[in-house]
Amino acid sequence: MTPEEQKAFEDKIYAFKGRKVCEATPAKDPVNATMIRHWAEAMGDTNPAYTNTEWAEKSARGKTIAPPAMLYVWNQQGITAASERASNAQSELVQLFNDYGFTGVLGTNVKQEYFKEAAPGDQVFMEMVIDNISERKNTARGAGYFHETVATFSNQSGEKLGTQSFRVLKFIPQDQPAAAAADDARLEVPTRIPSPRGHDNGWWWEAVDKGKVMIQRCSNCQTLRHPPRPMCGECQSMEWDSVESKLDGEVLSHTELHHPKIPGYQYPLVCAVIKLGEGTNIVSNVVGCEPSDVHIGMRVKGKVEQVDEKNMLPQFYPA
Amino acid sequence: MSDYKTLRFADVNLGDKLPALEIPITAALVVGGALATRDYEPVHHDKSAAQAAGLPDVFMNILTSQGLMTRFATDWSGPEAVVKSLDIKLGAPNLPGMVMTVTGEVTALDKSNGVVDVAVQGENNIWGMHMQGTVQLALPEAG
Chain A
447 MTPEEQKAFE DKIYAFKGRK VCEATPAKDP VNATMIRHWA EAMGDTNPAY TNTEWAEKSA
507 RGKTIAPPAM LYVWNQQGIT AASERASNAQ SELVQLFNDY GFTGVLGTNV KQEYFKEAAP
567 GDQVFMEMVI DNISERKNTA RGAGYFHETV ATFSNQSGEK LGTQSFRVLK FIPQDQPAAA
627 AADDARLEVP TRIPSPRGHD NGWWWEAVDK GKVMIQRCSN CQTLRHPPRP MCGECQSMEW
687 DSVESKLDGE VLSHTELHHP KIPGYQYPLV CAVIKLGEGT NIVSNVVGCE PSDVHIGMRV
747 KGKVEQVDEK NMLPQFYPA
Chain B
6 MSDYKTLRFA DVNLGDKLPA LEIPITAALV VGGALATRDY EPVHHDKSAA QAAGLPDVFM
66 NILTSQGLMT RFATDWSGPE AVVKSLDIKL GAPNLPGMVM TVTGEVTALD KSNGVVDVAV
126 QGENNIWGMH MQGTVQLALP EAG
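Just so you know, the sequences run in chain order A and B.
Residue numbering for the first sequence follows the numbering used here, starting at 447 and increasing by one per position.
Residue numbering for the second sequence follows the numbering used here, starting at 6 and increasing by one per position.
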């Protein structure tokens, strides 16, 4: 788009600001117990205010109510929507965006305010206006415009039940990642970053896979060392064997990792330098307590655990 | 009535954490949630439509996310709390096979009207932040 073309396009879309999408229109069905129960079951919501008549009659409200988050549901068009939706200011705006290549759509924010609870028998009326259209933005999804609709809900007595503002990004889609290509794309659950295993430390990780934490020992001077390496720092011997740690330890130092969260790791995530009873230090996680309870000098006991589908790791618990 | 307790305004403190809720995202939740909110957009029930939109599978609609966020808040507060508002920002999609962990914390208390602000986050284990926002609840004054 040249600047002139963009200006002409923006003049067209901004003309939609303030236009009514619909006058106050009644929902097809009044608020009813059947749709409420269906909703509550789907959401796993066991709130008795929605579905337990016996409880509700004795409660302060004296009756069941509709879940507030259903406010917009009553006026939804349902399965006829896609084919039979009548043209209105919103669909015209969407069409205009699509015609200019802004075919991507992403709901980004919804704000609902509730003034009065709706109950079975109430009739919900909704009116909607196009409230705002942003200037052109470059987003992570592509260049586009945010537009916001504001809906007002009222009941059969004209009392205001609530309002909703809904913000949608219409954007020019970037090339999609390969996800769409694979017909049977399976979600792969991320695991921790695998430990690099080389000539000098592969044996140590293989022992961890079998549930053991080993400590390397110089065959010449018996000095213990960790992490694994080829030569003794004391006597320069390259001969070594190993002993198994009992995993009794003490926290020498610790930190909590917050941000950025790395896929595959469980949070909260405490990393600590732990001094083992045998004398060497190991870097590991402290788990099984609140991060705020971890302190220098804390006694911990380790065990080797399966931390995800692919990895075994030593983890330390309060002793 | 004793089966269902509702928190009183005086019971709640700034910084109180809500019990975390793990929600396995299943096809039944995605599709069932879409239909229970009368949202028949094909991307929420038809895998091929979702794939044409660049995602590997059907994904949760916003009205279900809204429902889960208020459910999380009222599970904590109890049934006599009145939901005053819901302000939600959407992030990464929720797809079948993911697990969303919802956490929350009390971030404001208004003595004048008994309203408590609860900041809520829902993160899925694969793509991260699915939803974050605030639910405002009016709690009863005293028992």
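These are calculated hints, taken from the structure and not from any lab test.
Beta carbons are placed, not taken as given, at the ideal position from N, Cα and C, and that holds for glycine.
Just so you know, not all the hints are guaranteed correct.
Residues on chain A that point at chain B, a partial pick, calculated with CB under 8 Å [unchecked claim]:
| no. | residue |
| --- | --- |
| 1 | ASP491 |
| 2 | ALA495 |
| 3 | PRO513 |
| 4 | GLY524 |
| 5 | GLY553 |
| 6 | PRO636 |
| 7 | ILE639 |
| 8 | PRO640 |
Hints and how they fare:
| no. | hint | result |
| --- | --- | --- |
| 1 | ASP491 | holds, 4 Å |
| 2 | ALA495 | holds, 4 Å |
| 3 | PRO513 | holds, 7 Å |
| 4 | GLY524 | holds, 5 Å |
| 5 | GLY553 | holds, 5 Å |
| 6 | PRO636 | holds, 6 Å |
| 7 | ILE639 | violated, 16 Å |
| 8 | PRO640 | violated, 18 Å |
The structure fails to meet hints 7, 8 from the earlier list, while all remaining hints are met.
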